[in-house]
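Participant: The task is simple: from the sequences and hints, build the whole structure.
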Amino acid sequence: MSDIPPGTILDTLASLHQKGSATDKLRVIHNEILRHMSFVDRIATAIYEPERDLIKTFIHSSDGDSALTFYQSTLAESRSLTEIANSRQPRVINDLDIFRDVGKHHSKRIAERGYGSSYTTPFFNNGQLAGFIFINSYDKHVFTETSCELLSPFVHLIGLMVSKEMDQIAILFGSVTSALDISHHRDPETGAHLKRMSRYSRLIAKRMGPDHGIDDEFIEYLFRFAPLHDVGKIAIPDRILLKPERLTGDEFELMKQHTSAGREIMQRMLDNFKLQEMPFINMLHNIVELHHEAIDGSGYPHGLKGDAIPLEARIIAVADIFDALTSERPYKKAWSNEEAFAELHRLAVAGKIDGNCVDAMERCIEDITAIQHKFEDDPLG
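Count the sequence shown with the working numbering and you get residues 429 to 809, in order.
Calculated directly from the structure, the hints in this document are not laboratory data. As the structure is a computational prediction, the values presented were derived from the model and not from experiment. Take these hints with a grain of salt, some might be off.
Below, simulated EDC-like cross-link-like pairs (lysine to aspartate or glutamate); rule was C-alpha separation at most 16 Å, straight line [stated by the list, open to error]:
no., residue 1, residue 2
1, K802, E479
2, K568, D595
3, K802, D481
4, K761, D805
5, K761, E705
6, K761, E804
7, K780, D735
8, K447, E705
9, K568, E505
10, K568, D523
11, K760, E705
12, K592, D452
13, K761, E771
14, K671, E681
15, K671, E705
Facilitator: In structure tokens, the structure reads:
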């Protein structure tokens with residue numbers, strides 16, 4: 429057998445090794461699938477959040493309307509997905525007309541978009557359920573035994589790709605948490621605060637999504653990066669960070685340095701863990717460094733104004749302030765949600781925070797209350 433000269437073999441998946449978003453990589457895989465199975469019209473993924481038993485839409489490679497975005501529900505609410513997860517095997521439905529007038533919201537939405545058949549499979553990370561992959565065709569009866577065998581390596585590749593994306597964030601967050609523990613710096617606003625404000629951030633982004641070009645991938649990274657917003661407080665001395673009284677002017681100037689310090693810390697960690705190619709790095713930097721910028725330019729560290737402040741930083745600011753207001757601290761009682769929203773609106777009118785973010789959050793009061801009940805502060809620390 430003669431040698432094949434370099435460059436003569438077409439490596440259609442080579443771009444998976446390059447920097448790019450999960451959505452970009454899913455589209456590369458979809459295009460490769462189409463070379464073998466032209467009937468595959470939609471590929472979408474959902475991520476499983478075990479802490480709240482949530483299934484959340486993540487990325488898709490559909491053209492135009494993806495059929496299902498900004499959607500989440502508990503796994504327990506879906507008997508079919510629960511059965512698929514427990515079986516650890518794919519499920520094929522070759523005629524989706526059975527869901528057109530009945531079934532759960534997500535099944536009806538898929539059927540109403542004209543899809544004729546579906547292939548659904550769970551994917552796992554270290555043996556634990558990590559999410560689901562959904563493949564649809566406008567044609568019926570196309571997911572045969574042969575085509576499913578052809579799909580199998582691709583769905584495993586998609587599962588590995590999504591799991592890697594989430595693992596990178598987990599490594600980064602774990603390293604930050606370890607640094608906090610080792611340094612013995614204790615921000616009084618940690619733990620439940622981080623869980624609440626990250627979920628408030630996700631609520632705001634989902635509400636703003638249709639009007640601001642936000643997709644599920646943006647929302648998921650925002651949610652996962654949000655708890656890192658105050659990482660720079662590692663560099664703030666305990667006498668300032670843990671001071672129960674109001675800070676003096678000089679002390680506040682030192683406290684303000686946590687934003688720039690945070691960006692430097694995150695960059696060092698990204699370099700040390702070789703995560704420089706992780707998607708949405710700019711979002712991470714913006715959240716850490718710019719969440720104290722103000723719409724009128726009076727914020728820090730750069731005095732940015734209006735839309736010059738990235739949307740992710742504006743969202744984090746509103747979520748963070750709301751949780752600070754509604755949480756009890758040594759120097760204040762917790763405000764009611766009504767009092768907190770009144771203050772947020774006052775700050776928006778004064779040009780300090782984004783009023784659109786405030787309005788979006790206020791429309792989620794039922795979800796906010798559920799989050800507060802789920803992640804209450806531990807009075808014993």
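Participant: Checked against the structure, which of the hints given earlier come out wrong?
Facilitator: Structure breaks hints 2, 5, 9, 11, 15.
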